[in-house]
Each structure stands twice: as structure tokens, then as C-alpha cells.
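Chemist: Chain residues, written in single-letter form:
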Amino acid sequence: GAGVSQTPSNKVTEKGKYVELRCDPISGHTALYWYRQSLGQGPEFLIYFQGTGAADDSGLPNDRFFAVRPEGSVSTLKIQRTERGDSAVYLCASSPGPNEKLFFGSGTQLSVL
Amino acid sequence: ILNVEQSPQSLHVQEGDSTNFTCSFPSSNFYALHWYRWETAKSPEALFVMTLNGDEKKKGRISATLNTKEGYSYLYIKGSQPEDSATYLCAFSGGYNKLIFGAGTRLAVHP
Chain X
3 GAGVSQTPSN
13 KVTEKGKYVE
23 LRCDPISGHT
33 ALYWYRQSLG
43 QGPEFLIYFQ
53 GTGAADDSGL
63 PNDRFFAVRP
73 EGSVSTLKIQ
83 RTERGDSAVY
93 LCASSPGPNE
103 KLFFGSGTQL
113 SVL
Chain F
24 ILNVEQSPQS
34 LHVQEGDSTN
44 FTCSFPSSNF
54 YALHWYRWET
64 AKSPEALFVM
74 TLNGDEKKKG
84 RISATLNTKE
94 GYSYLYIKGS
104 QPEDSATYLC
114 AFSGGYNKLI
124 FGAGTRLAVH
134 P
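Sequence order for the protein chains is X and F.
Per my numbering, residue 3 is the first one in the first sequence, and the count goes up by one each step.
Per my numbering, residue 24 is the first one in the second sequence, and the count goes up by one each step.
Simulated from the structure, these hints should not be mistaken for laboratory data.
Where hints are given, some of them may not hold.
[As the list claims (entries may be wrong)] In silico EDC-like pairs for lysine to aspartate or glutamate, Cα to Cα no more than 20 Å straight-line:
#  : chain 1 : residue 1 : chain 2 : residue 2
1  : X       : K103      : F       : E68
2  : F       : K81       : F       : E68
3  : X       : K17       : X       : D88
4  : X       : K103      : F       : E38
5  : X       : K103      : F       : E79
6  : X       : K80       : X       : E102
7  : F       : K65       : F       : D78
8  : X       : K103      : X       : D26
9  : F       : K81       : F       : E106
10 : F       : K82       : F       : E68
11 : X       : K103      : F       : D78
12 : F       : K80       : X       : E102
13 : F       : K65       : X       : D26
14 : F       : K65       : X       : E46
15 : X       : K103      : X       : E22
16 : F       : K65       : F       : D107
17 : F       : K82       : F       : D40
18 : X       : K80       : X       : E46
19 : F       : K82       : X       : E102
20 : X       : K80       : X       : E22
21 : F       : K101      : F       : D78
22 : F       : K81       : X       : E46
23 : F       : K101      : F       : E38
24 : F       : K101      : F       : E79
25 : F       : K82       : F       : E62
26 : F       : K65       : F       : E106
27 : F       : K101      : F       : D40
[Unchecked claim] Here chain F is said to cover these stretches of chain X; the calculated rule only asks that three of the stretch's residues, wherever they fall, bring their Cβ under 8 Å from a Cβ of chain F:
#  : stretch
28 : 37–47
29 : 54–62
30 : 96–106
The beta-carbon is built from N, C-alpha and C at its ideal position, and this holds for glycine as well.
Isolated chain F, as found in the complex (with noise of 0.2 Å):
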């Protein structure tokens, strides 16, 4: 069985605080990571997709990296603002067609 975990499984930081989470994965049969953004009342929202060892993607204020090697994943949040409130899900993909989403990490920033 496939199992992807996601720490912590929430976090209340402060308004300019940089955060970071961890997402575990399989290490074999590895095809791409993938980080969405989901804000309450809304859908969920690719932030990356990744496919290669050591990767490091960069989107504003959010960025990434990956270890396929020992299947884990981080991801960064610097000078959290309100608006960054969501859940984090990360997903495995073996190459499939499907995706095996963690639980998430559920990120609430205060003002």
C-alpha cells in the first residue's frame, strides 16, 4: 500500500513568519511529486509539479525541493501573509495516471 505522509498536520504561525512542512513518500517506482494549494470554498491549485532528484522550484514567496532518494519533500513559506491560509496536499505519482494524496498540512497565518 502506498502512504504518503504529511507533518505537521497543522500550524497557526504569525503574519511575516517563514514556515516549512514535509511531505514522505515511496522512494521506489518514483514519477513526480506534486504540491497543491487548497483555500477554503475554493478548489484546489497546482503549485509544482516535480520529476527530478534534487529539484528546487520557486513560485513568490513558496518554493519546494525534493529528495527522491529518501522520498521526502519540503516546502517553504517565507513572510507568511494571510492570504497563504490553506491546506498544503502533496501527491505521488508512480507514474500511473493517479495521484496519492497525503492528508495535508492545514496553515493558518494571523495577523
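Just chain X, with the same shape it has in the complex (with noise of 0.2 Å):
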């Protein structure tokens, strides 16, 4: 079957604008992720969703961060005035339920100008 697909694959935007990355779970997840990873680092949590609702928000590192799963399948997680530091590969994963393992996709390099 299919897994977790995430478009768009890589993204050059110009600081100040505004973008949106979707990411599409693997069928009946119920539970979606997304991470960022910079450069030499490990993937760091953003926001979590159990359902059409975000369980814990509490890794968007400010308020220009926000995500959506408004059916409970597809999320999108949309980035207003782009900053260079948010430069970076966003990765969604998803998983069956709760605290099992994730499924990831390949991410979408966030690159800002």
C-alpha cells in the first residue's frame, strides 16, 4: 500500500512569504506527526495529531507555525512570513495509534532566500 507522502518535495520561497506543506498519512492512521530537522541535528518535534485535533502543539516554535487536519486524514502545516532559520527538511510521519512506531515520509526541503 501506500505510504506517507509529502508534497512538495522541495520548496524555495523568498523571506516574508507565506507557505504550505501537506502531507498525506498512510490510510486509518489516526495519529500524525510533524518534525523538522536542521542541519546536524536530529528531528525536532512540532506538533502532534490524535483524530482532526492537535494533541500537542507544543513544538511550533512560534506563532507563525500553524497545522491542520481538518478531516483527520491530510494535514497541512502552513509557515507565515518565512524567516531564513525556518530553512530546514519537515517531515510528517504517521502511525496506526498512540505511542507506536512512526511511518514517515521523504519531507519537503524548506528552503528560504
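Take each chain as given, in its own frame, and dock them per the hints.
Modeler: Okay, here's the thing in C-alpha cells:
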């Protein structure tokens, strides 16, 4: 079956612009996670959805970052007024339920010029 | 602040060598320890999820051990092959649905 799909795979934008990153999880997976990986570091937790609701958004760095999962499937991570420091690989993962192993997408490489 | 440390940062071995690396994590509020393999241009892939102190898991030539009392896990690769070249990530779970990842160990296996 299909794995976790993330689009776009690469996104280049200018400082100050708005971007949306999309994640399509494995069908039937109720848990969905967003992580961010900067060069030389491990993936950093951003937000966790259980169903449609954001159960834990403690990792979002500031109010420029927002994520939704309106129907409990596809999720969109939205970044307003992008800054150069937002450049990173944004990883999405899903799992059948909370506290189970994660199935990752191949990530979106975001570059803010 | 929860800290997960992995060592070494990078490792170069010859094909056929056996190797191991370490993950250190908080010994309090432990729920699970995950290992993932991340090959270049691919998605991270789960290797093991370990929950019990003293647990040992094996998948082919790769195995892992867990010591929750002292807060460490070892990952072993027996007879390394070039296709084992990847970044190996460990992640600590305190049971609150988010994983805290280490920075990874980058393994390069040379033919």
C-alpha cells in the first residue's frame, strides 16, 4: 500500500512569504506528527494530531507556524512570514495509534532565501 | 530539558566489520526507545521499538539492547554491508506521544 506522501519535495521561497506543506498519511492511521530537521541535528518535534485535533502543539516554535488536519487524514503545515532560519527538512509521520512506531514521509526540503 | 545523545557522530567501517553505537536517554519517565534507519534520499524507517528493561531485539544482522535503569541502548550491526550505510537515529518516548530524537550516527560502509 501507499506510504506517507509529502508534497512538495522541495520548496524554495523568499523571506517574508507564506508557504504550505502537505502530508498525506497512511490510510487508517489516526496519529500524525510533524517534525523539522536542521542540518546536523535530529528531527525536532513540532506538533501531534490524534484524529482531527492537535493533541500537542508544544513544539511549534512561534505563532508563524500553524497546522491543520480538518478531516483526520491529510494535514497541512502553514508557515507565515518565512525567515531564513525556517530552512530545514520538514518531516511528516503517521502511526496506527499513539505511542506506536512512526511511518515517515520523505520530507519537504524548505529553503528560504 | 530532555536530552538524547548518540555516539559516535559518524563512523567509517570496512565491509564485513561489525560495529555498534550508543544512544543515551533520560532514565526517568521512560516509556519506549525507538531506533530508525535513514538512508540518503529515502524516508526514515523504523527498526525497533523497545519498552522493557533488558529487552533485546534482532532484525537480520542488526540487533539492539536496552537498559532503562541506566538510560542507554546499543545498536549492533554484524558483518556490515555497503547497503547498511545510513544515519541511525534513536528516539526517546516518555509516553506523551512525541519522540525526542538524538542527532544520529552516520555510518559509512566501504567495499
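Chemist: Indicate, hint by hint, whether the structure satisfies it.
Modeler: Evaluated hints:
no., hint, verdict
1, K103/X - E68/F, "holds, 9 Å"
2, K81/F - E68/F, "holds, 15 Å"
3, K17/X - D88/X, "holds, 9 Å"
4, K103/X - E38/F, "violated, 30 Å"
5, K103/X - E79/F, "holds, 17 Å"
6, K80/X - E102/X, "violated, 26 Å"
7, K65/F - D78/F, "violated, 28 Å"
8, K103/X - D26/X, "holds, 17 Å"
9, K81/F - E106/F, "holds, 17 Å"
10, K82/F - E68/F, "holds, 13 Å"
11, K103/X - D78/F, "holds, 16 Å"
12, K80/F - E102/X, "holds, 16 Å"
13, K65/F - D26/X, "holds, 16 Å"
14, K65/F - E46/X, "holds, 18 Å"
15, K103/X - E22/X, "violated, 26 Å"
16, K65/F - D107/F, "holds, 13 Å"
17, K82/F - D40/F, "holds, 17 Å"
18, K80/X - E46/X, "holds, 17 Å"
19, K82/F - E102/X, "holds, 18 Å"
20, K80/X - E22/X, "holds, 5 Å"
21, K101/F - D78/F, "holds, 18 Å"
22, K81/F - E46/X, "violated, 27 Å"
23, K101/F - E38/F, "holds, 10 Å"
24, K101/F - E79/F, "holds, 15 Å"
25, K82/F - E62/F, "holds, 17 Å"
26, K65/F - E106/F, "holds, 13 Å"
27, K101/F - D40/F, "holds, 7 Å"
28, 37–47, "holds (count 7)"
29, 54–62, "holds (count 4)"
30, 96–106, "holds (count 7)"
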